[in-house]
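**Student:** Now for the letters of each chain:
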Amino acid sequence: MRAALRLVSNTESSAIELAKQHREWIALVGGNQDRAAFQSLFQYFAPRIKAMMLKAGMNVMQSEDLMQDVMMTVWRKSAQYSPDRGTVSAWIFTIARNARIDLLRKASSRPYDDVYELEIAADDKSSDDEVLQSERHECVSEALSELPKDQRKVIELAFIADLSQSEIAKKLDLPIGTVKSRMRLAYGKLKGKLEAVR
Amino acid sequence: MSNVSHHLDEATIMRYAAGDLDEAFTVIVAAHIAMCDQCRQAVHDAEQLAGGLLDVAETEAVSDDAFANLMAAIDEKPELASNVHPFPKRNKISGDVPFPLQRLIGSELDQIQWKKVAPGISKHAIDLGGDSSSSLFMLNIAEGHAVPEHGHGGMEMTLILSGSYTDRYGQFAKGDIADLDEHEEHQPIVDAGAPCICIVATEKPTKFKGIVERLLQPIIGI
Ligand SMILES: [Zn+2]
Chain W
11 MRAALRLVSN TESSAIELAK QHREWIALVG GNQDRAAFQS LFQYFAPRIK
61 AMMLKAGMNV MQSEDLMQDV MMTVWRKSAQ YSPDRGTVSA WIFTIARNAR
111 IDLLRKASSR PYDDVYELEI AADDKSSDDE VLQSERHECV SEALSELPKD
161 QRKVIELAFI ADLSQSEIAK KLDLPIGTVK SRMRLAYGKL KGKLEAVR
Chain V
3 MSNVSHHLDE ATIMRYAAGD LDEAFTVIVA AHIAMCDQCR QAVHDAEQLA
53 GGLLDVAETE AVSDDAFANL MAAIDEKPEL ASNVHPFPKR NKISGDVPFP
103 LQRLIGSELD QIQWKKVAPG ISKHAIDLGG DSSSSLFMLN IAEGHAVPEH
153 GHGGMEMTLI LSGSYTDRYG QFAKGDIADL DEHEEHQPIV DAGAPCICIV
203 ATEKPTKFKG IVERLLQPII GI
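For the protein sequence lines, the chains are W and V, in the order given. So for the first sequence, the working numbering puts the first residue at 11; every next one is plus one. So for the second sequence, the working numbering puts the first residue at 3; every next one is plus one.
What the hints contain is simulated information worked out from the structure, not anything from laboratory work. We put the beta carbon where it would ideally sit given N, CA and C, even for glycine. Please note: incorrect hints may appear among the correct ones.
Looking from chain W toward chain V, a few residues come up when the C-beta cut is under 10 angstroms (computed) [unchecked claim]:
#: 1; residue: Arg45
#: 2; residue: Phe48
#: 3; residue: Asp123
#: 4; residue: Asp139
#: 5; residue: Glu140
#: 6; residue: Ser144
#: 7; residue: Leu154
#: 8; residue: Leu173
#: 9; residue: Gln175
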């Protein structure tokens, strides 16, 4: 555990190593209810989730509360995390997104849970292929770093700041069609890279 | 199911992954991805992108005792603390209705209560509750009949659950979704052989074009 903490505090550590570290921690929480590993995850994710909720327009108290709810869910569902479904960061993003939908949107996150449950019910193989996981993660990092600023801005506003498509259009003073096409281009960039390793 | 040929727009995939769709659209997209490996993978990829954004996102310091408080809350609820287990495995999710629709319309298509709204056309409204600005309903259209055409007043999606129809975009059969942009018009005709059962999500009331359709609008309510 101590070695693990050293790794995460090292600013030189690559995104790949970080993702690998997160997987190890979540496995310890899921398998052994390991509190030290959970604290490491908390230290990394809690400030990101709180910032995400503040950006979505919640006040400090609400953001802190919702962050607590999200981390509680991470604790409770940690054994449901499966590495073949991607990074821990993406998995925790979906938990935070669902909490945000339930609190702020005129919608329920239930359909997302249904799909997730369906995947788990259908999935009997667990491909823990480290190399493939790392390659995919590399694709995501590469795609993000190569995105033109205008596309990057649009997806940040959508995923992190929780702006709707029309709010993004208004904020950036763009036609909605341009927002859509930037979303498609950003997705296309990632898709192109992933198809090369699939 | 892998023989799906009409998929979600990539902008829709991104919006769904970000949590930016109204209730009716969230439900219909979830139903499509439950039937479509390709779009399920696409949503998954978009979520990976979101995870990457979270890694590089700004942070905001949490209160000093946040972790201690959380662990205390977990200790106070041992049922949560010990609830660290995967979903109970279902052997198989049964029924011909996609799983995300089952809580709304049940698991079997032939159990749905239809209300006849015009010759060859029956409707089943789905109450989403709350104050959703989108609506969700099912249509059961006899072979050879036209799906009521309308100029799209907003976003609209149609997912085929049984049978098929054909319009200028091609044939739409089980699992296919028509994810249309606001200004696209189409004239779907149900193919011979069986009725077409589909579920439709619309953003807001739209204008029907023909006389018959204008008459239908108050009844169908779309
Ligand atoms: Zn699809």
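**Student:** Tell me the numbers of any earlier hints that the structure contravenes, in ascending order.
**Tutor:** 4, 5 and 6
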